[in-house]
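**Q** Heads up: take any position in the sequence shown, counting from 1, add 91, and you land on the working numbering.
Honestly, the hints are just simulated from the structure, not real lab data. Don't take each hint at face value.
[To be verified] Computed spacing ranges between beta-carbons, pair by pair:
no., residue 1, residue 2, range
1, Q114, S188, 23 to 33 angstroms
2, A337, Y423, 49 to 59 angstroms
3, P233, K306, 25 to 35 angstroms
4, E113, P317, 35 to 45 angstroms
5, R95, R129, 45 to 55 angstroms
6, L296, R118, 17 to 27 angstroms
7, T101, D404, 40 to 50 angstroms
8, S188, T353, 18 to 28 angstroms
9, L354, Q398, 17 to 27 angstroms
10, H325, A197, 36 to 46 angstroms
11, P334, A197, 39 to 49 angstroms
12, Q114, H325, 43 to 53 angstroms
13, N248, R129, 34 to 44 angstroms
None of these values were measured; they are calculated from a predicted model. Backbone N, C-alpha and C define an ideal beta-carbon position, used for all residues, glycine too.
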Amino acid sequence: MKFRVIYQQTSNHAQSPIHVVEQTRGREVGWINRYLDREYVRRLADTTLRTYAHNLLHFVRWWESVHHTGDIVEGDLTESTLLDYVRFQSSQQPQPSACTINDRVAVADRVLRNDFPEAPYQIARGFHQAFLRRGPMGLGRPRGAMSRLRVKVPKHNIVPLSVNEVARFWSSFRTSRDLAIVSLMLLQGLRSAEVLALNRDDVLLSEAQLRVRGKGNKLRFLPLAPETIQLLDHYLRLERPQPCTAALFVLLKGPARGARMTLAGLRSLFRYHRQTTSIKLANPHRFRHTFASDMVRAGMSLPALMQLMGHADIQTTLRYVQVTPQDVYLQYARAVAQRIRPLPETSS
Numbered sequence: 092m093k094f095r096v097i098y099q100q101t102s103n104h105a106q107s108p109i110h111v112v113e114q115t116r117g118r119e120v121g122w123i124n125r126y127l128d129r130e131y132v133r134r135l136a137d138t139t140l141r142t143y144a145h146n147l148l149h150f151v152r153w154w155e156s157v158h159h160t161g162d163i164v165e166g167d168l169t170e171s172t173l174l175d176y177v178r179f180q181s182s183q184q185p186q187p188s189a190c191t192i193n194d195r196v197a198v199a200d201r202v203l204r205n206d207f208p209e210a211p212y213q214i215a216r217g218f219h220q221a222f223l224r225r226g227p228m229g230l231g232r233p234r235g236a237m238s239r240l241r242v243k244v245p246k247h248n249i250v251p252l253s254v255n256e257v258a259r260f261w262s263s264f265r266t267s268r269d270l271a272i273v274s275l276m277l278l279q280g281l282r283s284a285e286v287l288a289l290n291r292d293d294v295l296l297s298e299a300q301l302r303v304r305g306k307g308n309k310l311r312f313l314p315l316a317p318e319t320i321q322l323l324d325h326y327l328r329l330e331r332p333q334p335c336t337a338a339l340f341v342l343l344k345g346p347a348r349g350a351r352m353t354l355a356g357l358r359s360l361f362r363y364h365r366q367t368t369s370i371k372l373a374n375p376h377r378f379r380h381t382f383a384s385d386m387v388r389a390g391m392s393l394p395a396l397m398q399l400m401g402h403a404d405i406q407t408t409l410r411y412v413q414v415t416p417q418d419v420y421l422q423y424a425r426a427v428a429q430r431i432r433p434l435p436e437t438s439s
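Kindly produce the complete structure, drawing on both the sequences and the hints.
**A** See below:
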């Protein structure tokens, strides 16, 4: 029995366009699709629904390999169902990352609790941890809570690119389109998906602003750096083919000339220039991290940086802020210079 994710456009605004079906007969997996429909009614973005669908696709494939069916009966759920799922993923080769395991388990846990509220509570000693949850702004008495079933995620520090690495990587590009894409990541801190989702009317060159749709379709306006304005203007006037789609960044060559640039095309572009410049760490998200680090070093406040990067929580912004030994030394030297006072002159 095989399963897959399908996308079908529908006029029913209460039904998700993304569903999981059995591949041979086309029969829908009811318990998964009911959850996707509920999340669609909540106005979640299609990208989020697609992520949930693929996570649940992995779970239902594992469930079918154990129970020989894609359907779930409440009596088949035990206290160790999700723990068995974690063990299965940990034994796979290549082994998925801890973040991937946690995302899959979290989505499966939500679906099972929504569809089967009377099922046994998932208990795994050593994986759960009790903690006190405070109310908003620290008001009220803390309440006891239990963490979700999850594996430990190793701390991953992303080191921003140096000035020389950025200069070498930048100099390898030839078209204004490619330079504008890198500029939006490096000087505006955009995600790769946000860059590819931009349309022509999102660029307000006369106002030096950019309209960006971030995660969850959240809209924000960003100021454009003068260098980015110049590159975008040159690309729009001289390189962007006509006629083409409403997309801002389109393919410049080939039979699909004028079509929206895809994520696979962007990855291929960066892969080629990494090989050309021998800068193995140059990827779209590292440019975003470099932008955040540069803004912090320039003295920008964290709330302002949070708005620029489109974060819903300032704790997410703090993950991008890495203090290097050089930063520590500069702060130390500045503090020492302020503390040291010249000795008063003594009369002989």
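**Q** Given a hinted range of 39 to 49 angstroms, is it respected by the beta-carbon distance of P334 and A197?
**A** holds, 44 angstroms
**Q** Return holds or violated for the Cβ distance of T101 and D404 against the range 40 to 50 angstroms.
**A** At roughly 33 angstroms between Cβ atoms, D404 and T101 fall outside 40 to 50 angstroms, so the hint is violated.
**Q** Note whether the CB distance of R95 and R129 lies within 45 to 55 angstroms or breaks it.
**A** violated, 21 angstroms
**Q** With respect to the beta-carbon atoms only, verify the hint that P233 and K306 lie 25 to 35 angstroms apart.
**A** holds, 30 angstroms
**Q** Is the hinted range of 18 to 28 angstroms satisfied by the C-beta distance from S188 to T353?
**A** holds, 24 angstroms
**Q** Is 49 to 59 angstroms a correct range for the gap between the Cβ atoms of A337 and Y423?
**A** For Y423 against A337, whose Cβ atoms are near 52 angstroms apart, the range 49 to 59 angstroms holds.
**Q** Do the beta carbons of L354 and Q398 sit within 17 to 27 angstroms of each other?
**A** Since the Cβ atoms of L354 and Q398 sit about 25 angstroms apart, the hinted range of 17 to 27 angstroms holds.
**Q** Please test the hint of 35 to 45 angstroms on the beta carbon pair from E113 and P317.
**A** violated, 55 angstroms
**Q** Return holds or violated for the Cβ distance of H325 and A197 against the range 36 to 46 angstroms.
**A** holds, 45 angstroms
**Q** Within 17 to 27 angstroms or not, the Cβ separation of L296 and R118?
**A** violated, 51 angstroms
**Q** Go ahead and decide if the range 43 to 53 angstroms is satisfied by the Cβ distance of Q114 to H325.
**A** holds, 48 angstroms
**Q** Does the hinted range 34 to 44 angstroms hold for N248 and R129 at CB?
**A** Given about 37 angstroms between the Cβ atoms, the range holds.
In summary, the structure is inconsistent with hints 4, 5, 6, 7 from the numbered list given earlier, while agreeing with the others.
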